[in-house]
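Required output: the full structure, derived from the provided sequences and hints.
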Amino acid sequence: MTRTRGGFSRLPGGSVVVALSLPRPDHGPLCGPYDGGCRIRVLVHAVNRQRALTRLRNLGLRAVYLRGNTEPPTPDEITAVLHHPDGLVWRETPDDDTESWHPIRALLKKPSPFASSSASAHPSPSGV
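Each residue of the sequence shown is one higher than the last, beginning at 1 in the working numbering.
Simulated from the structure, these hints should not be mistaken for lab results. All values reported here derive from a predicted model rather than from experimental measurement. Positions of the beta carbon are idealized from the N, C-alpha and C atoms, including for glycine. Hints are supplied without guarantee of correctness; some may be wrong.
Stated by the list, open to error - Simulated restraints, written as ranges between beta carbons of each label pair:
id	residue 1	residue 2	range
1	5	75	16 to 26 Å
2	71	15	12 to 22 Å
3	14	98	24 to 34 Å
4	86	13	13 to 23 Å
5	10	83	10 to 20 Å
6	98	54	30 to 40 Å
7	21	82	31 to 41 Å
What follows is the structure in C-alpha cells.
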C-alpha cells in the first residue's frame, strides 16, 4: 500500500477533484531509490472518488488509497485539472507554484533505449 497524503473537493456539478501526494514512481534524477522526499502531487478529475483512484490504478499506480481529507486540492489546482483535456495532471514539487502541471503521460513514459544512441547512429554530413 502506498502511503498518500491528499484529499478531494466536490464540485457543484457533482464530480470531484482528487489530489494525492505520492512517491515518484521512477524517483527522478535528483533522488536516490531510498529517498522519501521525492514526492509528486497528482490531480484527478472524475465522477467520484472511486473512479479517480481507478484511473490511477489503471495507469500502473496500483496500491493508491485515499485516507481522509487532510490535503484537499487548492482552488488553483482545481482550475489546473479542469482546464486539462485528460483531467489528470502531476507536478514534481507540490509546494512550488512556479512549476507547471504536466500530463500524466510524461510521468509514466519509459525512456527509449535508442534515444541516447540515435545521435551517434547517424553521423553528421561533415564526418565530424
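These are the hints, each one checked on the structure:
no.: 1; hint: 5 <-> 75: 16 to 26 Å; result: holds, 19 Å
no.: 2; hint: 71 <-> 15: 12 to 22 Å; result: holds, 19 Å
no.: 3; hint: 14 <-> 98: 24 to 34 Å; result: holds, 33 Å
no.: 4; hint: 86 <-> 13: 13 to 23 Å; result: holds, 18 Å
no.: 5; hint: 10 <-> 83: 10 to 20 Å; result: holds, 18 Å
no.: 6; hint: 98 <-> 54: 30 to 40 Å; result: holds, 32 Å
no.: 7; hint: 21 <-> 82: 31 to 41 Å; result: violated, 20 Å
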